[in-house]
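Engineer: Each chain, letter by letter, is given below.
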Amino acid sequence: MTDNVTNLLAAVDPADERAITRFLFEEVQVLDDWQFAKWLDFFHDDTMYWAPTQTDRYPRERAKRISAFGTSVYFEENKVQLKQRVDRLLTDQAWGEAPPSRARHLVSNVRVSAGEAEGEFAVKSNFLAYRSMGQRSQDMITGERSDKIVRAPESEWGYLIKERRILFDMAGLLIKNLTIFY
Amino acid sequence: MHAQPHDKGVSVTDINDLVDLDKGSLKGHMFTDEDIYQQELDKVWRRAWCFLAHDSMIPKKGDFLQNFIGEDPVLIVRQKDGSVKAFLNQCRHRGMRICRVDQGAAKAFTCSFHGWSYGLDGSLIQVPREGDAYPDDFDKANYPARPIPRLTNYKGFWFGTWDEEAPEFEEYLGSAKYYLDGYIDRWDGGMEPIAFHKWTLPNNWKFMAEQPTSDMQHSEITHVSAGQVLNKGSDAADRTLRGDNPTGRQFFSDYGHGGAWYGEKGSEVPNTGQAMQKWEAQPEIAEQIAKRLGDNREIRGHLNIWPTFMVLGNYTIRVTHPRGPGHQEIWAWTFVPKDADDATKDSIRRDVMRTFTPGGMFEGDDALNWEEMQEVLHGRIARDSGFTYQMTGAPIQWDEGPYPGGSTKHVFSDNAAINMYSNYVDMMNAENWDELKQLREKHRMGKSN
Amino acid sequence: MAEPIKVGAAGDIEDEEALIVPADTAGWDDDIAVFFSDGKYYALNDTCSHEDASLGDGWIEGDEVECPIHSAKFSLCTGAALCLPASHPVRTHKVEIRNDEIWLYVGVPADGQEG
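Protein chains in written order, with the working numbering: chain A, 1 to 182; chain B, 1001 to 1449; chain C, 2001 to 2115.
Keep in mind that the hints were calculated from the coordinates and are not lab data. Be aware that a few hints might be false.
[As the list claims (entries may be wrong)] Across the chosen pairs, the derived CB separations fall in these ranges: (1) C/2088 to B/1292: 56 to 62 Å; (2) B/1135 to C/2030: 25 to 31 Å; (3) B/1232 to C/2039: 55 to 61 Å; (4) C/2084 to B/1168: 47 to 53 Å; (5) A/15 to B/1218: 51 to 57 Å.
Glycine residues also receive a C-beta, built at the ideal position from the N, C-alpha and C atoms.
Work the whole structure out from these sequences, hints included.
Structural biologist: Here's what the structure looks like:
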């Protein structure tokens, strides 16, 4: 019997772990550079990008704290819908982001685990998205991403995000909107 | 009326110095001044009917929701006998918040400070050490959580007011009833919320109130980016159908309510998603609507019941809570017809989520406007300069055709905003509801009395 | 020892619910709460040992009941206080099902208990 860490590390090829970590860093660089059209290249055509909401509940109802897929969500986007969001920002008329905010995503705690199928990986990472805009406005939000990432040798980056679930670390949102990507 | 001195000889800001409705002019101080804000908590939020909960949010005995009236947290609770009661979420002992979760099921509400415990109806049912540490004449019946004395269920929606002299809710709605029913009373099975979002914005609450009352016009410019990507291949309403020279109508109602929609009678362009339109076009549903409303009443665009109960045609229904003069907290629910099929419900939910929630492609640009308006009002000249309401070209009509009360035969107008602020000023001036009713009679816009 | 009293029929008490037998009816110095949970019946003195609250109105799950007022938990089997703010147990009473009827033995400790 081996310990948990040894088992987790043994389940994944270190080369994949290194590559996927780099993949996630390149993804947020593209976001921070406002290269949103390129950001779509990180996503599988069948992707689902979604984010539940949170509420405060009694301990006996703790199962209801985080909303389920298909209920109260901040995002629930397929690839076409993600592209609509990107296209909106690229009109240069999305006034809330024109002039654009200055964002910086810090991605950390990247943990790559074996997925359900060959070539598929379950990836968790934490993020802090800082943003400033206009003259005095700034906000930041942290959260956790649970990704299903698949190896895709023909793709731009060698991997594609098949599913992303973003759990923001807020119940009532204390920042004014979620108009960038996470 | 001039500035009244405080007890300590400090001037109180007088709203009448800040508003000139004949000129269509508001000074910025009414959106930034702490004193005006405190007056609002007293004169507006203590008096108005405010949305508390929908029946579907608290279906079973013991179900509850924490909401707000102004800055006062309140609990709305389904009682054992099926009725609903609501009370201030403040312990009568030392003021601790009694219930600190957003919603749930309870058998009692116990304060986690000293253990004072309240029943589902807010009555004080248990005080630890009552027997030996309290005098014999201590009576728990004197210390219930403060009840909201007036509650009303309007077609499934619970509203409450602290003011015992407030008129009945339907009188408060006035002519707005016709329009509100056109959104919420269409289907035999009623409606239910299936999603909820909550977020804070750095701007005065009245910016949020004014927009669904009176401002359809901003959409063409503010939301130009969203219109471009969502008109095709999305769950949203097709806004291209509104045309280059849109027709429509705006209404306003005595106690500050207002709203508008696109299209002439019989060829309206509802602000409603395609799935909803398709579901309602089914003969049995169309028949329900016609039976309930008298005809297939189509008035769905935007609407606000003062102070901040907003309804949009795509069935986002929200309130905003004031959080000081410079902040607000929006609570928004997505409502669907209970009897709709799952695909229709899901389409409505996704449409609202992608348009009018924190990640929404419309919502973000509204937030930007309001934030910048608030920021600029830091300036003294800016506050003195204020805002102007001049879009009053379309004449006011009264009881025109099927449309009760005041309205204009144009979807774009500042009339409903001027009416909203007229009611607001009257509330700030009136000593009580009797006086408010008289002031509203006197100030009724565009109708000689 | 007094005769057992019939409280009701099996099925009268829903799962994770309780029926309260008034003290007068039970001939006891406290109301008695008869619980039904996970297919089993239990009975305890209804009044919480911490403050004046009804355990029969509490949250029932598995073989535990949580007082609805200050959240003290008790074992339905033994009446033991499982957490603060309660530190004293409540009395158990024996419950038997005979011919689909619920019979309460007031004052008789539940099987295996000493009272």
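Engineer: So the hint says 51 to 57 Å: do the beta-carbon atoms of residue 15 of chain A and residue 1218 of chain B match that?
Structural biologist: 53 Å, holds
Engineer: For the range 47 to 53 Å, tell me whether the beta carbons of residue 2084 of chain C and residue 1168 of chain B fit it or not.
Structural biologist: 49 Å, holds
Engineer: Regarding residue 2088 of chain C and residue 1292 of chain B, is the given constraint of 56 to 62 Å on their beta-carbon distance met?
Structural biologist: Once the Cβ atoms are compared, 60 Å apart, the range 56 to 62 Å for residue 1292 of chain B and residue 2088 of chain C holds.
Engineer: Against the range 25 to 31 Å, how does the distance between the Cβ atoms of residue 1135 of chain B and residue 2030 of chain C compare: consistent or not?
Structural biologist: Roughly 26 Å apart at Cβ, these two residues keep to the hinted range, so it holds.
Engineer: Is 55 to 61 Å right for how far apart the beta carbons of residue 1232 of chain B and residue 2039 of chain C are?
Structural biologist: 58 Å, holds
Checked against the numbered hints above, the structure breaks none of them.
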